[in-house]
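Colleague: These are the residues of each chain, in order.
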Amino acid sequence: MTALLEARGVVKRFGGVVALDGLDLAVTAGEIIGLIGPNGSGKTTFFNVATGIYAANAGCVMFDGADITRVPARAIYRAGVSRTFQRSRLSLPLSIFDNIMIGNHKRLNQGLWFNLVKRGDFKHEFEASYRAARALVEVFEPALANRMFEPVAGLPMIDRRRIEICRALISEPKLLLLDEPSAGMTHDETAELMNDILIVRERNKDLTIIIVEHEMGVIERITNRCVVLNFGRKIAEGPYRDVAADAQVQEAYLGVA
Amino acid sequence: MAGNAKTSQAAVLPGIIALAIAAVYLIALLAVEKQSLIISLLAVGIIVVIAAAGFGLLDGVSRAFSDHEDALGGFAILALLAVGVFFHEDHFVLLLVTTVLLYSVATLGLNIQFGYAGVLNFAGASFFGIGAYTSAVLNAHTALPHLIVLLIGGLLAALIGSLLLLPVLRTRGHYAAVVTIAFALLFKTFLEVNDVLGGPQGMQVKGMTIMGWSFNDNIEIGKVSLSFYINYFAISVLLLIGAFIVVRRLERSWIGLNLDALRLDETAASCFGLDVVRWKITAFLIGNFLIGVAGAMFGMVGSFVAPNNYTFADSLILVSILLLGGIGNPWGLIVATFIVVVVPEKLQTIQEYRFLLYALLVIGVLLFRPEGLLPRPVRRYFPGWQP
Ligand SMILES: Nc1ncnc2c1ncn2[C@@H]1O[C@H](COP(=O)(O)OP(=O)(O)O)[C@@H](O)[C@H]1O
Ligand SMILES: [Mg+2]
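For the protein sequence lines, the chains are A and B, in the order given.
If you're matching positions, the first sequence starts at 1 in this note's numbering and goes up one per residue.
If you're matching positions, the second sequence starts at 1 in this note's numbering and goes up one per residue.
Certain hints may be false.
Incomplete in silico selection of chain A near chain B, CB under 7 Å [what the hints assert, rightly or not]:
no., residue
1, Y77
2, S95
3, M101
4, L108
Keep in mind that the hints were calculated from the coordinates and are not lab data.
For every residue, glycine included, the Cβ atom is placed at its ideal position computed from N, Cα and C.
Start from the sequences, fold in the hints, and give me the full structure.
Modeller: Written as C-alpha cells, this is what we have:
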C-alpha cells in the first residue's frame, strides 16, 4: 500500500541546531500514528515542515502522491492536511464560530461579489456552515454549542483546545496532525478529549492522524503504531508495546545507560 | 431555547435615545458662537459621556447598535438630515458637516486597511489629496461626468497605493507603514515643485455638476433659500452611506474573517489556506478606493486644492481618529471624526494647540480606553440573526 504521507531524509537546521536529521517516516491512509520522543527531539519541527511553515534543508515530503516539500502552507492545507498547535493558537478576540470558520477556508466561497453583493446566497452558506460547526462542537462539548458567538478569549484552556481541534476538523482533512492536544489538561480531561476525537474518526474512517503526546496511556490506547524520535532521528518504530520495550527508547527517555 | 434567544436580543431604545441626544447636542454645538458657551457645552458632553460609561449605559447603546443596526442606521440618517435642515442656509456649518462626512468616508477606508487587515497607512491624507487633485485636473481639462471623476479619483488612489505597496506587502512587519510615511512626506514636495498642478499655490477646482444641476448655485424654493452647500451635504451623506455599507458587508463576510485572521496570526491563517498577500492587497485597495473617492469629492466641495492641505500631519489626524473612535467600529469612527473635525473649528481659541490636544486625547484614550470610545463588538454576520 502506498503511503499517504512520506518523509524521506528530511533535514531541518536552525543555525547550528539540527532539529531533523535525515528523518524517514511513512504513514498509511487510515492509520493513527503516535509520534513520541523527549523534548527537543524534533516532533513539532516535523509538523512545521510537513505543513509548509518551514522549508526543509534537505530531503523531501510527499503527500497523497504529490511532492509538497517546497509547497506553501496554504496549498498543503488545500491538499488535505490540517493541524493543531502545541501552544494553542486561536484568534482570541474572535468568536468560537469565527475560529472554526478559519479552518473551513477552502470550503467557503471567497469571491468579493459573493461576499459583498449576493447576501442572500451568502446567508445560505453561513447558515449551513453554522450547522456544521455546531454539530462538530457538540461532539466535544455540548455546552459550547450554545455559545458559538462568544469570543474564545473568555474560555478555559480545555475548551480552547477543543475548538482548535474543531478548527482542524471542520474541513474534513485527510491527515490530522495533533501537537500535544492535551497539554495542560488533567488525566480525565485528556481521556475525554481522546474519546471525542475517536468519535469523529468513527464517522470518517479514512481520517489519518499523527499525534504527539506525552501521556503514554493515551498513546497505547489510540495508536496503531508509534514512531520514536531522538535528536531529529527515528530511533524506533512499531506498535507501542514493542517500542516501549526497546532499549534505545528507554535510554532516550530515561537516560539509562 | 426560543425564550433564551429572545432575551439575548438587546433593546433598540438605548440606541435611539443616544442618537437623538447626539443630534440635539450636535445642533447646539454647531449653532452656538460664544466661546464660553461652547466650552461649557463641551464640558457637559464629556461629563455626560464619562458618567454614562461609568454607569455602564454605553454598553447598552453599543449592544443596541450591534443587534439593530439597520433600524438605527435609518435613525442616524434622519438625525443627519435634521442637522442639514436646521442649518439649511448656513454655509459655514454645512461645509463643516460635509467635511466631517467625507473625512468619515476616508477613515472608513483606513479602517479596512488597519482595523481589519492590520496594514497601517500613514499616507491617508496623501491618497485623499490624490483624489482631490484628480477632480481639479479632470474638471478643468476634460468634460468627464463628475460622478465618473469621483470614481477615477478612487481608482487612482488605489492604483498609486498598490504600485507603492505591492513590493512591501509581501514582507512581514511594518515595512508598509514606513513606506507610507515616506510617501506622505514626499507627496507634499512633489506637489509643490509640480507646476502643472499649480505648485505651492495649488489650483482652483470647478464645482460639481450632475446632469445640468450645478452644485455651486444656491437653491430658492419659494421664499426659502438653501445654501448651495446643501447639494454637497446631500451627496456626501450618500457617499457615507455607501462606504458604511461596504465596510459593514465586508466585515460581516468571510472576507472580514480572513482579514481578522491574518491580522491576528499570519502563520496560523496560512496553515488554513489563507493567501495572506492577496487579502492584504485587497484590503488596501478597497480602503484606498474609499479614501480617493472621498478626496475627489472634497476637492470639489472646497473648490480649491493646495499641497498644504494634504500633509503628513493630516494623515496622522486620520490615524488618530481611528484610534479614538474604536478600531474596527464604523460607528465609533464617525463619532470620532465629528469630535476631531468640529471641536477645533468651533473653539477658535484652541486652533493653535489642536495638535497638542489631539495628542493628549489619543494618549488618554490609549491609556484609559484602549479599544477606543466605541469598541468593536464580536462579529455578527447578520445583526439580530438567531440560530
Ligand atoms: N523556530 C526555531 N528556531 C530555532 N530553533 C528551533 C526552532 N524550532 C525548533 N527549534 C529547535 O529545534 C529542536 C527541536 O524542537 P521541537 O521540534 O520543538 O521539539 P519537540 O517538539 O520534539 O519538543 C530544539 O532544539 C529546538 O530548540
Ligand atoms: Mg513540540
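Colleague: Now tell me if each hint is right for this structure.
Modeller: Checked hints:
no.: 1; hint: Y77; verdict: holds, 4 Å
no.: 2; hint: S95; verdict: holds, 5 Å
no.: 3; hint: M101; verdict: holds, 6 Å
no.: 4; hint: L108; verdict: holds, 5 Å
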